[in-house]
Structures are given as structure tokens and as C-alpha cells.
Amino acid sequence: MSYLSNKRINQLRTRNTYTMKILVVDDEQDVKILFQQRFRKEIRNGDLQFVFAFSGEAAVDMLKDLEHEAVLILSDINMPGMSGLDLLKFIKKEYVKPPPVVMMITAYGDEENRSNSKRLGADDFLTKPLDFKSLKNKLKDIAL
Amino acid sequence: MTKSKIAIALCLFIINTIVAQNQPIVDSLKTIINLQKQDTTEVNALVYLSIQQTQVDSAFQYVQQGLLLAKKINYRKGEADCYLQIAIINYYFLNDFSAGIQNYFDALKIYGDINYTTGVAETHLMLQGLYRQIGDYKNALKHAFVSQQLSESNNVAGRAFTFEGHRLSPLALAEIAETYIQMHQLDSAEFYIRKSIDQNELFKGSKWNFPIYMLGTIQNLKGDYKGALATFRSAIPLAIQNEFFHDTLQIYGGMSTLFKNTKELDSAIYYAKMVTESSDPNRETHYWLNSINNIAQSYKLKGNIDSTLKYTEYFHHVKDSIFSRNKDRAVQNIGFNEKLKQQEIISAQAKYKSRLQLYVFIAGLLVLLLIIGILWHNTREKQKAKSKIEKAFSELKQTQAQLIQSEKMASLGELTAGIAHEIQNPLNFVNNFSDVNKELLEELNEEIQKGNFDEVKALAKDVTDNEEKIIFHGKRADAIVKGMLQHSRAGSGEKELTDLNVLADEYLRLAYHGLRAKDKTFNANIKTHFDEGLGKVNVVPQDIGRVILNLITNAFYVVKEKGEQKHEGYAPTVTVATIKKKDKVLLSVKDNGNGIPKKVQDKIFQPFFSTKPTGEGTGLGLSMSYDIVTKGHGGTLQMETIEGQGTEFTIELPVK
Chain A
1 MSYLSNKRIN QLRTRNTYTM KILVVDDEQD VKILFQQRFR KEIRNGDLQF VFAFSGEAAV
61 DMLKDLEHEA VLILSDINMP GMSGLDLLKF IKKEYVKPPP VVMMITAYGD EENRSNSKRL
121 GADDFLTKPL DFKSLKNKLK DIAL
Chain B
1 MTKSKIAIAL CLFIINTIVA QNQPIVDSLK TIINLQKQDT TEVNALVYLS IQQTQVDSAF
61 QYVQQGLLLA KKINYRKGEA DCYLQIAIIN YYFLNDFSAG IQNYFDALKI YGDINYTTGV
121 AETHLMLQGL YRQIGDYKNA LKHAFVSQQL SESNNVAGRA FTFEGHRLSP LALAEIAETY
181 IQMHQLDSAE FYIRKSIDQN ELFKGSKWNF PIYMLGTIQN LKGDYKGALA TFRSAIPLAI
241 QNEFFHDTLQ IYGGMSTLFK NTKELDSAIY YAKMVTESSD PNRETHYWLN SINNIAQSYK
301 LKGNIDSTLK YTEYFHHVKD SIFSRNKDRA VQNIGFNEKL KQQEIISAQA KYKSRLQLYV
361 FIAGLLVLLL IIGILWHNTR EKQKAKSKIE KAFSELKQTQ AQLIQSEKMA SLGELTAGIA
421 HEIQNPLNFV NNFSDVNKEL LEELNEEIQK GNFDEVKALA KDVTDNEEKI IFHGKRADAI
481 VKGMLQHSRA GSGEKELTDL NVLADEYLRL AYHGLRAKDK TFNANIKTHF DEGLGKVNVV
541 PQDIGRVILN LITNAFYVVK EKGEQKHEGY APTVTVATIK KKDKVLLSVK DNGNGIPKKV
601 QDKIFQPFFS TKPTGEGTGL GLSMSYDIVT KGHGGTLQME TIEGQGTEFT IELPVK
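Going down the list, the protein sequences come from chains A and B.
Taking my numbering, the leading residue of the first sequence gets 1, the next gets one more, and so forth.
Taking my numbering, the leading residue of the second sequence gets 1, the next gets one more, and so forth.
Next up, chain B with everything else stripped away, as it sits in the complex:
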């Protein structure tokens, strides 16, 4: 504990020296401040003025004023200087280590930000002292080394209000040595103190005495009393030349300890008394106590009981008062350590939080990238899919057109035989009646020659009647051919007023004969209930014809199928009926087949659904019919079925 005061004394000494020496400057500083220019000069003046103060309150007041102004005019270096000064006040004058560390770090951050090496090196050097004092040797060494290396490589010298004009490197080396002394690593301490001495820092033109004194102390501790004495002796003239009065006392104190150790008791008492008589126990307590202790112990060894008692009491009296101060400090240190730990926890938490935030941010970014990637991929896939779909769609449209055409051709194929039969019959009549008329006309000529005019009249009437038959059947054949052409025509026709009864009848016959042509054994009853008052309906004849044909063909197919199952007394029957309602017409095609099973009822209007064996149906008949009736004509196509009894399809078309 005694030794730790040495380095503090060093700094204090420097500062106090400055205070003592620069008193005349105070007035000029106050003049600058009174100008109220609110500039960097004013900030600097306030910092220096704060340093000049012997009272903590006024020191604080000036530096706080400087800090506010520095922040206001955004003078970063000035702001850091203020923090440094506040740290010094908190640490040295108020013993508030926690606040001191905080202020040092505030200053350090700003100096670092603005790349002000001198400030950085100074602050590290100050921090190391604080850490050593609270027993944190690790951090003390760390900051000392940082400061030392920074100072040596940049040849940093301290500013007036810190380590006035002196290179920081030898100072830092001395501080390192001091820390090692406290750690009882005397070899390391000697190594660094010799390095400090080698750097040959001068004070007032002569070698700096402090590291030499330190070396003596180390030698003394190591038991090299001879070497220590020589060292101390070489330090004394330097201290005197440097006008470091306190340093001289330090050396005398060290020498008294040395002589005590070497049992040169008179010398020990002599040097110790030099210290005690020349120093103030309240200010240089540590030297003083050490010296009093040396005197007391020396008298004890000499057997001078009275003096021993006197100096021992004196020692204890002063020590008690110091002890109570130390106790206060110890209590404060506990609080400080707690505070420090809390700050560490808080900073660790903040670090963790910021790291967490960073991770969350990175994770978020990754997720975002992933989403963007997926979206980009999707868009590309969509574009690909779109072009594929478009291609497929155009192919599908083409195929659909082909399918519709093939469905038309398929139903045409079913019709061909029926058409042949239908054309053959009227053609036969045309031929037959023509033949008959030829015979009748020959007969007529004969009767004219005979002059049998009654017979001529009768014959002429027959010829005329027959001619009407010829015309009728000729027209009939013509209509069938036209209907066939209409049916196979690919393009959609125009709507025209059409007699649905005629259309239904025509396709009924075509379908029947078509089926008969394929299967000679097939037969079915055909019933028609045509409403004579149906009137003409505006439809596309070939389209509706195709629907009727499809429904009738299906009806024939199912009754044929049931007929082949040899039901007792089964009479295959297909009924086609038309009914006129108020604003619509109904056309129904009914069969007495097996009905449609429930499980396929929903599917019958779907494209490519077919109950017929492969190759017999395209599976498009009903779906096309459905489209023609609903989309093409705004009507409905409904189905009612009873299993085992039959099915009825009803086309409902609106009439305008």
C-alpha cells in the first residue's frame, strides 16, 4: 500500500508543480474567457483555468463550462480534454474511481475518433495508475504498455496539464516497473526501470532522478544494499538539481530503510528524521509514516526504549488516522468494484444485445435475400411456365379445333349410311315416278290418237301428281345433302329461324338409319311428339342439329345395349318431343335404356368422358352439346335419369 502511493505522487507532483508555477497565467486565461468568443480558445482556456484551481468546486465549475461549450461548438478535442480533466478531478481529488474510469474512457474514445495520439497515450497512462491503485495489475500493465509503445513510436510528449513536456515513454516504463514491484516481480521491475533510465529523460537539463530512486528501491528490496546505496547516492544530486524537493525526501526515506536493513541504525535514524522534519504528515503521509516506523524500529534495535515508545505511539497515531482514511477508501473500493462489475455486465449485455441485433439483422437479411431469391426464381419459373403454358394453350386450342372437327367427322361417319339410305329412298321415288310418267305419257298419246279424252284427262292428272312426287322427293334428297354439308362444315354458322320439329325429325331418321346401316339386326321404336305450335326458333341449325343427333345417337346406343341383354318383353324405344312454353322451347330425347349410374352422372358432360368402348366414341359429344346449348344459345341442357328405366335429355332454348 505504501509503494502504490509513489506513482500517484508522481502525477500529483507534476500537477501540483504546474499549479504552483503557472499562477500568472490565470489572469490571462480569465481575460480570454471574459471575451465570450465561444470558440476553441475559450474551451482550452476553461480547461487550463480548471487545472489552475486549488478548490475542487471551482475546478469542476470551469471544466463543466468548457465541456458544454465544446459540445455546443462541436470541438471534439476540447470535449475530450474536458473529460480528461474531469477524470483527474474525480480520481485524484474526490477518489471516485468509477467516475474517473468512465471519464477516462469518454476521453479515450474521442481522442481515438479524431486520431489524437498524444491524448490517447496520456489517457492510457493515467488509466494504468488508476487500475494499479485498485489492485487490477493486469489492466494497469495493459494500459501502461499501450501508452509506452504509442509514445515511443510517435515520440509523444505530455501536454502542459498532464505530463508537462516530458516524453511519455520513460514515464510509462517507470510506471510498469512500479506495478511489477507491487506484484513482487523484482526482476521485471528492474528490467523496465533500467529501460526507463536508458531513455535518459532530462529534467531542467539533468537526468531524471525518479527512475534512479526506483532502481535503488528495487535493489534494496532484493537485498543488494551496497548497490542500492550507490544508486540512492547518485540520485540525490539529480533530485536537488531538478529542484524536486519531494523526490529528495523520497530518496532519503529509501536510504533510511536501507540503513535500517543494514543495521546502520544511526544513519537510518538520521535520514528518517530528515524526512519527518521536512514533510507534512498530511500530504506526504507515506514517506512520513515509513520514516517514523524506521526511527521507531531503529531505536528499538538500539535498546532506546523511551524513544521507541515515543515514535511507536506517534506512528500508530498517524497510522490510525490514515487507516480510517484507508478504510473509507476500501469501503469505497468495494462499492466501486461492484459498480465496475455492473458496468461490465451492462456493457456485456449491450455488447450481447448489439451482437444479437447484428445476428438478427444478418438473419433478417439472409431471410430477405432468400425471399428475394425465391421470388426471383419464382418469377423466372413463372415466365418459363407462362411461355410453356402459352405454347401448350395454343397447341391445345389447335388440338381442340381438330377434335371438334373429328367429332363432327365421326358423327358424319355415323350418318353416312343413314344418309345413303335417306337419299336412296327419294332417289328411288324420283326414278320410279319418272319411269311411270314415261309409261303414262305413252299411254296418253295412244288415248289422244284414240280420241278417248276422258282417259287422257285422267292420265294427265296422274302425270301431274307423279310430277309433284318427283319434285317432292328431289327436294327431299336435296335437303338431306344440304344438311349433310351443313353438318360437316367446320366454321360456326349463323343463327337463323329454324323449325326444330323438322330439324329433329331429319336427324332422327338420319341417326336411326345410320345405326341400322351399321347393325342390321338393330331395331327400335321411334316415338315423336312434336308440338305443332312450336314456331321457328333462332338457332344455328347445324349446331343444334349436331346436339339433337348426338342425343338421339346416344339414345339409340343405350336402347340397343339394353336390347342385347335380352330382357323379357323389352321394346327399345326412343322418344323425341318438342314443347312450346311461354318464353322458351323444350326439345327432349328420351330412351328406355338402363339409365346412367350415379357415379358417372357428374361426368357425362365432361370432355373425353365416354362409356362407349375405345374407338367407338370421341367422348366429346355431350360436352360439345353442352357448350353449344349453354354458351352458343344461352339455353340449358339437363339430364334426368332413373337407373334401370331410362334417361331423358332436355334442351331448353330461350325464345325472344
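Extracted from the complex, chain A is given alone in its bound form:
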């Protein structure tokens, strides 16, 4: 499933000495509650830290505040205004060093969005409904 190389994982792990935040971008506000519920233990234990943005534009603003923090971005693709792909393009352009991990989520597991995401440098591609168990493992792999 994951095409993150071991090298890249190791690279991220070294950065885990700093505070790591996961930015979830989705226009559906209930996503926030869902993540908080799903990762309640991890949040409680301090294993994972979540921040939420409800649009691409909000995500861009938020990233400025999180400039020196290690960030993993989980973004929905279908959003009004700035789409997930626009956000991906922006991140890959602005944040060259060190580039944050960007995982794209979409409701439709279609090939066009997948290949566009890959071309724009997405690290992973997830489809809704999210498989939280596998997501949890992926996040633990990266964050821990």
C-alpha cells in the first residue's frame, strides 16, 4: 500500500525529536470530531497531535504558523475553493526543505486523482471511507 521508502521513513523519524503535528484538511467539519474520537488514546497518550483546517486556504495559513514544526498533512482533494491538489502543489513549491509528508484523501478512488497526486509529489494516497486501523499504523510508523 505504502510507497514510502525506508530511507524516507528513517528521515522522518530523525525529525521526531521535535514536536510533530498532523494537519488534517477537509471541508467536512465533523472530520475533526471523528479523528479526535478515533485517535483518542493516541492523543491522550501524546503519541499523536492533530490540527484541523477546513479549507485549502486555511491550511496554507496554518502551515505558516507551524513553520518550524514537523508536519504531516492529510488533505481531502474535493474542496471548494483551493482544492487538495492546489494545496499539494503549493506545499511542494513553498516547503522544499524539509518537505512535509503529504497524504491525499478523496472520496473517489479514481485513477486520475491518484496519478495527479503522485505527479505533484504526494507521499501517499488514501480513499474514503478511511481505514483508520491502517492509517493509525502508518501514522505511528512515521511519527514514532
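None of these hints come from the bench; they were simulated from the model.
Check before you lean on any hint, since a few could be wrong.
So the derived list for chain A, only partly shown, Cβ under 8 Å to chain B, looks like this [unchecked claim]:
hint, residue
1, Q37
2, G81
3, P129
Computed cross-link-like contacts, DSBU-like style, restricted to lysine-lysine with a CA-CA straight-line distance of at most 30 Å [what the hints assert, rightly or not]:
hint, chain 1, residue 1, chain 2, residue 2
4, B, K222, B, K195
5, A, K140, A, K21
6, B, K518, A, K92
7, A, K133, B, K450
8, A, K89, B, K590
9, A, K89, B, K562
10, B, K263, B, K226
11, B, K560, A, K118
12, B, K273, B, K207
13, B, K527, A, K89
14, B, K138, B, K341
15, A, K21, A, K92
16, A, K136, B, K457
17, A, K32, A, K118
18, B, K562, A, K118
19, B, K226, B, K273
20, B, K461, A, K133
21, A, K32, B, K527
22, A, K133, B, K438
23, B, K566, A, K93
Keep in mind it's a predicted model, so treat the numbers as computed, not measured.
Ideal Cβ positions, reconstructed from N, Cα and C, are used throughout, including at glycine.
Fit chain B to the known structure of chain A by using the hints.
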């Protein structure tokens, strides 16, 4: 000129004879008239009484009286008889040829109308005499022949006041011969006079002398003196037997001319003196003059100068007085000919006028027929066209219904992807929150066993919150499905109080995701300015929803189109807004596309007008939207556009 008097004399003679013979009848006629029965008998009596008169005035008076009565009691034959008598008076007594001809024709017309052959034949015979006298030989012959043929085939005999009891055919033949004599066609004259003689008309039991005298005259003119003499001699006893004294003088006159020609001068003088001594120069002027002339010339040839001088003077004296009469007549004839010409012109004009009227009438009739034809044709065409139109109309209605349905289905197709997305999202939440709750409930059981009730309370609260989310998203999915069903439903729904903000928002999302589903690269800013105080509006939700969907889909389409043109710094934006006004609500859909070109601005609400490529739009979206808003809801749908800057559609709905 001398010869022309012969035939006139014939008629005059007959008439005069009647006058002379019927004097006793006058009293009985007057008795009839005095009865004042006002019937046909009285008319006939008046005509006969007029004939008996020797004075023109009284003759006229009686016949006019007869004419009035005939007209009054509508006695046609009597009326014609009166005209005939008036003609005779005008012609013979007053020498008024014009009036005479007019009266003859009046009589002729009536006799013709009532099919009275005798009257017709008589009148034609009288007319021929008049025409000959005025030198119109052609008409004279024409009327004579008509009379002759009519009389011969019907064996017509003249009535008492015309040609008393005599067959008209031999009379007409004699008249024809007379005309030919005047035309100097002596062979024709001889031919017809012999025919007349062959018909053997009797007067008082013996052969009629007049045509025999005529034959003698013709022979004389031809130079057959021997034959002429024999003929004249055979005529004399007949004339005497017939008691035609005047005829006898005629014959003697002819014989004197004959002897003059044969230079038997004593005989010529003898017969001429018989004539001059026995006749009145004022009445039988022509015989008399002829005879005097014969005497004078005979004496001259004999060398008897005194007698020659005496008779020559006598001749000239009488001739001068006749000449002055003839001059009067000639003058009158000129006037008459003028009058006749005028009458011909008038009758030609009347004929022309009536022909013209006939043509106009026929033309009018044709035009009328044509119009009727055209109208009939039109009516038929109209009926045909009507049934065609009715058929076409029902087909059109059917097609329209199908088109409306296909437009609905087309917009549904555009929505499908959006709907899938819209359903997928709440469904995901339902599934996810259910999963979370299952985990939370397991944890909750664990905490109960541990007796950690604070944690149990917290977990129970989370479960409850999540359950609310599940219910919310379940309802959301439900609403979307219901909306979809409503949208595709064919029948027109009922009006119900609807929150336009919710409706607009719902369709906005559906449209956006629908477009996104088709084109993954598409993106646009969506701005909403919903007036929270809008309140509910009484509309048919699926209809107004369709309008909103249509406007939003169009807006997305145009911003997408402009986006593809790679304008620097262009941010495709669609704005949906609602505004509450005093007695109406406004819902506007605004885009920042290229605007609508001026030349198509008028057409955008027309059915089947589309700027989209073939196959992408039905061209019915805006026209249907227009109908829904205006006809369905009594509102307005207005468009404002600025080229290069965008378009705003505003739905205005009244609020009761």
C-alpha cells in the same frame, strides 16, 4: 320621285276607301265608347273611330284616348294597335317620318312580345314603305321580305284598318317590285311583280289590277312597248271591275307615257287628258303632273307651239307648288335623317352600355366566383391545415413533455456524481462514527468493570455525541436522496413553504460536486450570502430547485470556461445570495465569467438556444427556468451581464 308615290297611294287608297265605306259604323263605335266599360272593346272602338276621322286632330284624340285605356287595363294588343294608328297618322298625315318609325317599332315590339303575327307582318309592310320613301332601299327591302315571308307561311290577311282582308304576301311582293323599279333593277322588279300576279289576289271577285299595271310600267321602262300596251289593256277592265277609279287613271297615265314613247302622240294626248280631266291635281298630283308633261311634250313633238306653251306653263305652275312642298319635305328629311342618326347613336350607346353592363356583370360574377373559389379553397386548406396543426400540436406537446423530462434527466445526470459524493460523505460519517462508538462502548464496558465511573461518564457522553452525528449524517443522506427523487419526478409538485437558503445550498453543493465529478481539475470559489431573515417561501421545491440548479450549473460552466483561457490571476467565483425585501424575496446567482455577448442576450431564454457544444446542453434549461419562475410562481427572472466581467441572474418571487 314620281314613282315612289305609287305605293303610298296604294296604302292611302286602301285607308281612304275604308273611310269612305264605313261611315255608318262611326255611330255604333261612338255608342260603344259612350258605355265607358273601360274594356278591350272600348280600346278597339277608339282605334277604329280614330281611323274613321278625316281630321288629324280628332284622329289623334281618339287614338291617344285608346292608348291610355289600353295601358291602364294592360291590353297589349290594343296598345300596339294604337301605336300603329299613331304611326300612320304621323307618317301619312303629318309626314313626321321619325315619329312614324318610332311608333312602328313600338307597335312591332308589342306584337312580337304577344306573338301576334298579323300585327308583325302588317307593321313590317308599313315600315318598308316609309323606308323606301326616305330612300333607304336596303331597309325597305328587308322589311318587305320579312313581311312577305311571314305572311306567306302564315297566310296572313290584313285587318280592316290596314289592308282590309287582303293577303299581305302579294301586296308585299308588289312593294318589293316597286322598290326594285326605284333602284332601276327592272329584271328583279319584273320577277317579283310576276310572283305577285301569280298569287292571284282577288278584289271584289276579279284579279287585282295593280300588279298588272306595275308589270306594264316595267315593260314600258324596259322598252317593251308592245308587251306594255297589252298588259295595260288587260289591266283596265280589272280596275273598272274592282271599282278602283284611281287605279284606272294610273293605267291611263302609264298608257299615255307609253304612247308618247312610241310617238303615237294623239293617243298619248288622249289618255293624258283622261287623267288630267278626271283627277284633282292636289290629291293625285303625280299622275296629273305626269299626264300634263306627257301632253306638253306630245304637242311639242307635233309642232303645236301654243298648246305646248300652255301645258308647259301649267306643268311648271303645278310643279313649282309641288316643288315647294317637296322642298319642305326634303328639309324635313334632312332633319329626320339627323334624328335617325342620333337615335342610332343613342341606341348604339344604349346597346354598348347594356353590353358593357353585361360584361361588367359577367366580370363581376367571375370575380365573385373566383373569390368564392378562393374562399372555398382556403376554407378547405384551413381545415386541412387545422387538422395538420392539431396533429402537429399534439405531437409537439408530447415532444415537449419528453423534452422536459429529458432536460430533467440531463440535469439529473449532471447531478449523479455530485449526489454520489454528497451521499458518500454522510455515509462515511455514519460508518465511521458507528465504528468509533463500537470501540467506545467496548472501552466503556472495560471502565465499568474497573469501576472508573468518571471515565464511563466521559465515554457515555462521547457515545451520545457521536450518535447525534450518526443521526445527523443519516438524515443528511436521506434528504439528498429525497431531493434527487423530487428532482426527477415528472409530475408538477405542489407548492409548499420552503427554505430557499437550504434549497439553494443543497443544489449548490450538488452542482459543484457534479461538475467536479466530471472534471477533476475543475475548481471554483463558492460564496454564499444567505439572508437569515428570509423566511419560508411558498414554492414548488423541485421546480425552484431545478431553476437554482440550472443557474448554478451555468455559472460553474462559464467560470470553468474562462478558467481554461488562462487569465492572469483569475479566480473562478460563483456567488449565491438571497435577500429579503418587503413583499418579495430575491435569489441571485452570480458568476465572474466572460459575460453574455450582446447579440445573444435576447435569445438566452428561448427554447433550444444553447452556447454549449452539441450534446452538452438541451438548450431548454433557461427557457424552462423562465417558465417556472414567471408562469409557475408569478415571479421574474432577470439577467444582468457585463461583457468580460460576468453575469448575474436574479429570481424574484412574491411573498404573500
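Inset, instruction - Would you mind confirming whether the straight-line C-alpha gap from K560/B to K118/A stays at or under 30 Å? - result: holds (24 Å)
Inset, instruction - With a cut-off of 30 Å on the C-alpha distance, tell me whether K461/B and K133/A pass. - result: holds (23 Å)
Legend entry - Straight-line alpha-carbon gap K136/A to K457/B, limit 30 Å: holds (26 Å)
Legend entry - Given pair status - K21/A, K140/A, alpha carbons within 30 Å: holds (12 Å)
Legend entry - Pairwise hint evaluation, K273/B against K226/B, where the allowed Cα distance is 30 Å at most: Given pair K226/B, K273/B holds - Cα atoms ~22 Å apart, limit 30 Å.
Legend entry - Restraint status (C-alpha distance of K566/B to K93/A at most 30 Å): At roughly 20 Å apart (the allowed maximum being 30 Å), K93/A and K566/B satisfy the hint.
Legend entry - Agreement of K263/B and K226/B with the hint, judged by alpha carbon distance not exceeding 30 Å: holds (13 Å)
Inset, instruction - For the pair supplied as a hint, K562/B and K118/A, confirm whether the alpha-carbon distance does not exceed 30 Å. - result: Judged against 30 Å, a Cα distance of about 27 Å means the pair holds.
Inset, instruction - Below or equal to 30 Å on CA atoms is what counts here, so check K518/B against K92/A. - result: Holds, because 26 Å separates the two Cα atoms, which is no more than 30 Å.
Legend entry - Holds or violated: K133/A to K438/B, with C-alpha atoms at most 30 Å apart: Holds. K133/A to K438/B sits at ~14 Å (cutoff 30 Å).
Legend entry - Restraint check for K89/A with K590/B, where alpha carbons must lie at most 30 Å apart: holds (29 Å)
Legend entry - Holds or violated: K527/B to K89/A, with C-alpha atoms at most 30 Å apart: The hint holds at about 23 Å.
Hint violations for this structure: none, all hints satisfied.
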